[in-house]
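Chemist: Residues per chain, in single letters:
2 protein chains.
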Amino acid sequence: MNLPIFAAQFRTMNLAAVGSVAFDAIETPFGKTDKIVGGAGTYIALASSFFVTKQSLISVVGGDFPKEFLDLLAAKGVDTSGVEIKHNEKTFFWSGRYHTDMNSRDTLVTELNVLGEFQPIVPEHARSTDFLMLGNLSPSVQLSVIQQMKVRPKLIAMDTMNFWMDIALAELQETLKHIDVLIINDEEARQLSGVYSLRKAAAIIREMGPKILIIKKGEHGALLFHEANVFYAPALPLEEVFDPTGAGDTFAGGFMGYLAAASQIDFETMKRAIIAGSALASFCVEKFGTQRLLEINHNDLQKRMQEFVALSTFQLEA
Amino acid sequence: MNLPIFAAQFRTMNLAAVGSVAFDAIETPFGKTDKIVGGAGTYIALASSFFVTKQSLISVVGGDFPKEFLDLLAAKGVDTSGVEIKHNEKTFFWSGRYHTDMNSRDTLVTELNVLGEFQPIVPEHARSTDFLMLGNLSPSVQLSVIQQMKVRPKLIAMDTMNFWMDIALAELQETLKHIDVLIINDEEARQLSGVYSLRKAAAIIREMGPKILIIKKGEHGALLFHEANVFYAPALPLEEVFDPTGAGDTFAGGFMGYLAAASQIDFETMKRAIIAGSALASFCVEKFGTQRLLEINHNDLQKRMQEFVALSTFQLEA
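First to last, the protein sequences are chains Z and X.
Going by the working numbering, the first residue of the first sequence is number 1, and it counts up by one from there.
Going by the working numbering, the first residue of the second sequence is number 1001, and it counts up by one from there.
Mixed in with the good hints there might be a few duds.
[Unchecked claim] Reference listing, derived: stretches of chain Z covered by chain X, where coverage requires no fewer than 3 residues with Cβ under 8 Å from a Cβ of chain X: (1) 87 to 94; (2) 151 to 161; (3) 215 to 224; (4) 239 to 250.
If you are wondering where the hints come from, they were derived from the structure by calculation, not from laboratory data.
We treat Cβ as the ideally placed atom computed from N, Cα and C, and that holds for glycine.
Start from the sequences and build out the full structure, keeping to the hints where you can.
Modeler: Here you go:
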């Protein structure tokens, strides 16, 4: 078996992502961590690095952020020249505690620090990127990144959350007009559309701008909507979800990295990209933080993607 | 396209089911019904009638139950000689109101009536059935049906619910030792196993007796566990769930009817059977009660099963 995605890793592609690079302190029923490196931008970049050998990360950290981690990203092909370092300030810090079901969590601490005034500056060489991933940030910050592009990317994807729907809906609606793919969870899709049926929600949200909608459902998989097409990606039933932090960003990064490497965005390729993102997310939750993503190799990923095939393949005819 | 299942409808197979035949009064955000015919046994029999032309239903009703409905079942190949009619008593009645999300409901009225003292008597000709479906009833009543079999059926499947785990766990555990397939929802699987991970829950439950476990997840599809194999069946994202009543029983009836018609129970056939059950359940919820199941024909079902193929098929290689 020779998956095109793993040949594709050797291509040089244009992918840029904006998102937080942060410290997290996490408590789950299985244990707790001190401050470890996290953040949407971190997970997106690590996930897409399985598919693209050159990508640009746009973010901001404080003087307290370990240079070693930026070096590690660089070694994985991530251009970190767009990660601003504010030496006299502190890195964004989030602390949370997951409930037993791992589907809900309490935020214990949020210290915005450098993220509070974050005005991303896209490096010159990333302003003509073909693929742009906007991690969860305020919609106006996301829009400012789009506006810095010299040419319109082939595909712009973004994440958002209910917080922005609550406090910045008008800005969010404006930003949605400029993107191609919205990646949100089922609760967010229901809030944004105002309807419960995800099929109806998808139609309403796709009228807001994004032609393509991906609804993440955690342990229940993900739905992809494009034109009249729907794809239901399964989630791998896991022995244990150890730490869900970063799973959604890993999914998004894997999805965009796969597409950037394939350099095409038809429905069949998007399906594969969702399986790639789902497979990476299924690794992400097996250990705390980024640990598992840093351990696995392409062979592990390839095997995991095959598990998704076995999990969901059936033939109506015997 | 020529699906074997639709050839199979002409076979005469051995399928027997026990379950309630009842009156329901249902309120959903879309409207409400007067007393309409419902009950697990009713939905199971209607669903399996799409695949088998001869089956036996074992149940009990009161003198108030419309003979016309029993005639309608008979016209669909359901032998109703095992449906006892207690002329001086009343049929089981349930009334419930669904919440906006359709995933939860309040029971407004439960009048057990004839079901309170239900001691099913399996007709002589059904005691050598190859396939036996035990609808949700007390575990000791389910066991009494198994004990009336003259030869051990090839496959015994059962449904149960958290109520029996709360008040009759020992009896439930005993009954589980005698069956092959347990069909429950995710919440019930977690309660029965005492663990949250469905993969771990499946391993624990399969140690209790049933070799095969199906976990229904409503709008999130269903999981099939057998030996080391797992299959994730998608659910069709619907424009609207009008009335979820009977969907689980329809799923179970479709699953068992399909297997009985195919007359084989390997993993690949079980996958197809789950798609058949899921397709029928997706029709069931489109209108109140049994209405939609009584409207559709084999062609509708065939098309719906093809939608499941389109929904979940992907290829890792371009």
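Chemist: Work down the list of hints and note, for each, if the structure agrees.
Modeler: Evaluation of the provided hints:
1. 87 to 94: Answer violated; 0 residues pass the 8 Å Cβ test.
2. 151 to 161: violated (count 0)
3. 215 to 224: holds (count 5)
4. 239 to 250: This one holds; 3 residues, not fewer than the three required, reach chain X with a Cβ under 8 Å.
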